[in-house]
Amino acid sequence: GPAAADTPSSSAPSVSASGEPIVTPLAAALVPGPIDIDRRHPSNVVSVRIDFRAGDTTGWHSHPGPVLVQVVSGAITLRHAAHGRCLSQVVRAGHGFFEAPDAVHVAENPRPAPAVLYATFVLPPKAGPEVTAPIPAPCR
641 GPAAADTPSS
651 SAPSVSASGE
661 PIVTPLAAAL
671 VPGPIDIDRR
681 HPSNVVSVRI
691 DFRAGDTTGW
701 HSHPGPVLVQ
711 VVSGAITLRH
721 AAHGRCLSQV
731 VRAGHGFFEA
741 PDAVHVAENP
751 RPAPAVLYAT
761 FVLPPKAGPE
771 VTAPIPAPCR
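Each residue of the sequence shown is one higher than the one before, counting from 641 in our numbering.
Check the hints yourself; a few may be wrong.
[Stated by the list, open to error] Now the in silico label distances, taken between C-beta atoms and shown as ranges:
1. L727 <-> L666: 27 to 37 angstroms
2. G724 <-> H701: 19 to 29 angstroms
3. R751 <-> G659: 21 to 31 angstroms
4. I662 <-> R725: 45 to 55 angstroms
5. G768 <-> L727: 19 to 29 angstroms
6. V663 <-> P774: 15 to 25 angstroms
7. P769 <-> L670: 18 to 28 angstroms
8. P764 <-> P672: 24 to 34 angstroms
9. A694 <-> G659: 43 to 53 angstroms
10. P769 <-> T664: 21 to 31 angstroms
11. R689 <-> A767: 40 to 50 angstroms
12. H681 <-> R751: 32 to 42 angstroms
No wet-lab data here; the hints were simulated from the structure.
It should be emphasised that the depicted structure is a prediction, and the values quoted were computed from it without experimental measurement.
Backbone N, C-alpha and C fix where the C-beta goes; we use that ideal spot for every residue, glycine too.
Please work from the sequences and hints to get the whole structure.
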């Protein structure tokens with residue numbers, strides 16, 4: 641029943657009464673706002689698991705639609721340019737981030753331990769999930 645929503649960090653399926661579906665939480669993350677998703681047209685919603693090995697990087701890129709990301713284990717370093725500066729933040733397991741459409745960024749794992757992320761893309765139909773981008777000037 642609805643009690644499963646009270647324990648998002650639990651990985652055990654909730655007990656359900658006969659005839660009710662079983663709800664199994666996959667991941668939970670604290671994501672800072674603002675989170676703005678405004679798609680008035682049909683969207684292709686794609687959920688993926690991303691496995692970062694030590695040293696892996698996405699390369700600089702953007703997305704044609706908003707993306708919600710949850711760090712499930714390990715940590716990644718997220719970098720982007722803002723106000724003429726290159727900003728860097730470490731996002732650890734249990735936390736996440738929102739990527740606005742067309743925001744240029746890179747995610748990297750410079751640590752020896754692997755990291756696992758879940759990402760949900762809200763894309764225009766027929767659009768790919770990412771677009772390669774040049775390195776922003778403040779981050780060169």
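Each hint tested on the structure:
no., hint, in the structure
1, L727 <-> L666: 27 to 37 angstroms, "holds, 29 angstroms"
2, G724 <-> H701: 19 to 29 angstroms, "holds, 21 angstroms"
3, R751 <-> G659: 21 to 31 angstroms, "violated, 46 angstroms"
4, I662 <-> R725: 45 to 55 angstroms, "holds, 47 angstroms"
5, G768 <-> L727: 19 to 29 angstroms, "holds, 26 angstroms"
6, V663 <-> P774: 15 to 25 angstroms, "violated, 43 angstroms"
7, P769 <-> L670: 18 to 28 angstroms, "holds, 24 angstroms"
8, P764 <-> P672: 24 to 34 angstroms, "holds, 25 angstroms"
9, A694 <-> G659: 43 to 53 angstroms, "holds, 47 angstroms"
10, P769 <-> T664: 21 to 31 angstroms, "holds, 25 angstroms"
11, R689 <-> A767: 40 to 50 angstroms, "violated, 20 angstroms"
12, H681 <-> R751: 32 to 42 angstroms, "holds, 40 angstroms"
In this structure, the earlier hints numbered 3, 6 and 11 are contradicted, and the remaining ones agree with it.
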